[in-house]
Amino acid sequence: MEGVPNNAVTAFTTIFRRDIKLALRHRSELINPLAFFVIVVSLFPLGLSTDSRTLLQIAPAVLWISALLATMLSLESIFRSDYEDGSLEQLVLSEHPLSVIVLGKVAAHWCTTGLLLTLISPALAISLAFPPQKLGILVWTLLLGTPTLSLIGSIGVALTVGLRRGGILLALLILPLYIPILIFGASAVDMSIDDLDVAGQLYLLAALLVLSLTLTPFATSAALRVTLE
Amino acid sequence: MNTLKNTVAEAQQTALDPPTLRVESVQGARGDRVLFSSLSFGLSRGQLLHITGPNGCGKTTLLRILCGLLTPLEGMVRWHGHDIRGSASIHRRECTYIGHRDGLKAELTALENLQFNARMSGCRDNGVIDDSLRLLGLWEYQDLLVGHLSAGQRRRLALGRLLVKRAILWILDEPFTAIDVDGRDVIEAQLINHLQGDGIVVLTSHQALSHPQLRERCVTVSLQ
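Going down the list, the sequences are from chains A and B. Using the numbering used here, you'd call the opening residue of the first sequence number 1 and step up by one each time. Using the numbering used here, you'd call the opening residue of the second sequence number 1001 and step up by one each time.
Derived by calculation from the structure, the hints in this document are not laboratory data. Treat the hints with care, as some may be off.
Stated by the list, open to error - Covered by chain A, per the in silico footprint, the following chain B stretches (three or more residues, Cβ under 8 Å):
#, stretch
1, 1041 to 1050
2, 1060 to 1069
3, 1108 to 1119
To be verified - In silico DMTMM-like cross-links for lysine to aspartate or glutamate, where the CA-CA straight-line distance does not exceed 25 Å:
#, chain 1, residue 1, chain 2, residue 2
4, A, Lys21, B, Asp1083
5, A, Lys134, A, Asp197
6, A, Lys134, A, Asp190
7, A, Lys134, A, Asp51
8, A, Lys134, A, Asp194
9, A, Lys21, B, Asp1143
10, A, Lys21, B, Glu1174
11, A, Lys21, B, Glu1140
12, A, Lys134, A, Glu76
13, A, Lys134, A, Asp195
14, A, Lys134, A, Glu84
15, A, Lys21, A, Glu76
16, A, Lys134, A, Glu95
17, A, Lys21, B, Glu1112
18, A, Lys21, B, Asp1130
Since we're looking at a predicted model, the values are computed, not measured. Cβ coordinates follow ideal geometry from the N, Cα and C atoms, glycine included.
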C-alpha cells in the first residue's frame, strides 16, 4: 500500500464519482427537483394573465424562488441514504479529512441539482416573456448562487439527518441563510432587464460562493460528527 | 456498573510489548443511562478481545468509543499512547470498523462497493479486490447490485473492507450475523491470519469463537 498516492484529491474524486453514479441510478431523485422547478415556473403564466409585462415583472423572483425551493427539496439526499445504510459512519471514520469528503458530496449534489436547474432555466425564462438577450445574466446568477445554496444546505442536513422528521426544521434552519442569495440573485436579474449594471450583485454572489466554499465544509463536518454521536 | 469477569489485567501483564490500544477508566452511556464505567484494559499486537454480554449492555457503545465515533463521558482511549481524539488521523488510518449496518450502497454492484472502499483507503490494486471477492465467495455475484444480494452476502461484502484496507486494528460488531458456516470459517481464518501478522481484533459476538488458535489469543470482557 506504500507509495500509492492517496491524498485528499483522490478522496474527493472518488466520492464525487460515486455520488454521481448513485444519482444516475436513482433517476427519480434526480428528476424530482427538476420536475418541481419546471412545474412551478410553468404554472405562473397559466395562473396569471398572459400579459407579458406582468410576467416579466415577476419572472426574476419566480425563477429564483423556484430554484431555491427545488434545491431545498433535494438537500436531504446529500446525507440521508448514507446515514441510513451506515456509509456515513464509514466516511467519518475514513482517514481523509471529512471536510474534503463533504466537499465531494456537495459538489456531486450541485452537479445533479443546481447545475441542471441552471441549464434548463433559459427555456423556462422564455415562457415568462423573458428577453432572450438577458438570459446570460440569469444563467450567471444561478451558476454562482446555486452552489452556495447546496453548500449552506449541507450544514442544515448534517444537523437534521439524524431526526426522523427533520424536513421542517431543516427549512427553518437554512431559509434565513438563503435570503441574501435570493435578494442578490433576483435583484441582479431584475436590474439586468432594466439595462442596469449588475456587476456588483454578481461579485457579491461570487464572494458568497467563495466564502461558503471555504467555511461550510468545516461546519458540515462538525455537524456530522455531532449527528453520529 | 460492570465487572470484568476475565482478568484482562493479568493477560496484559504476560504480554511483553506495551499495549497498543489502551482504554483508561472509560465511562459509556446511551442517552442518560450509564452503561459501564471505570472500564480499563489494554491490548497488544496479536491479541483478540471478545466483548460479551446481554443485549443492551453497551457492547456497541464500547466499540463506537474504541473507533472514535463516540466520545466517552469519562476517561480516554489511547492508540500508540496517544489519545485518539488528538491523533485521530493516525488512528483512523490504522483502524477498520464494521458496524452492525453494512455501509454498502444498494444501488452499486458488489464490485463497485468494494472498489470504492479500496480507493478510499488508498488501495489501487485490482488484484487485491479480485482476491477478496474470491475469498468471500462473491466472485460470481460481483456484478449484482448489492440490493439484490442476501443479508449474508452483504455481510461478507462488508467484511471485505477489512481485506482491502489492511488496518492494524479491526473493530467488528457482530461480524458473524447472517453468515453461514463456510463463511464463518473463512472469516475466522482471516482473523487468525490478521492476529499472526501482529494485528489486533476487537469483536462482539453472541457465539463463542470456534477455532482453537483464536481462543488461545482471545481475551474476554463481559459487560453486565
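- Violated constraints from the hint list, given by number and in increasing order: 1, 4, 10, 12, 14, 16
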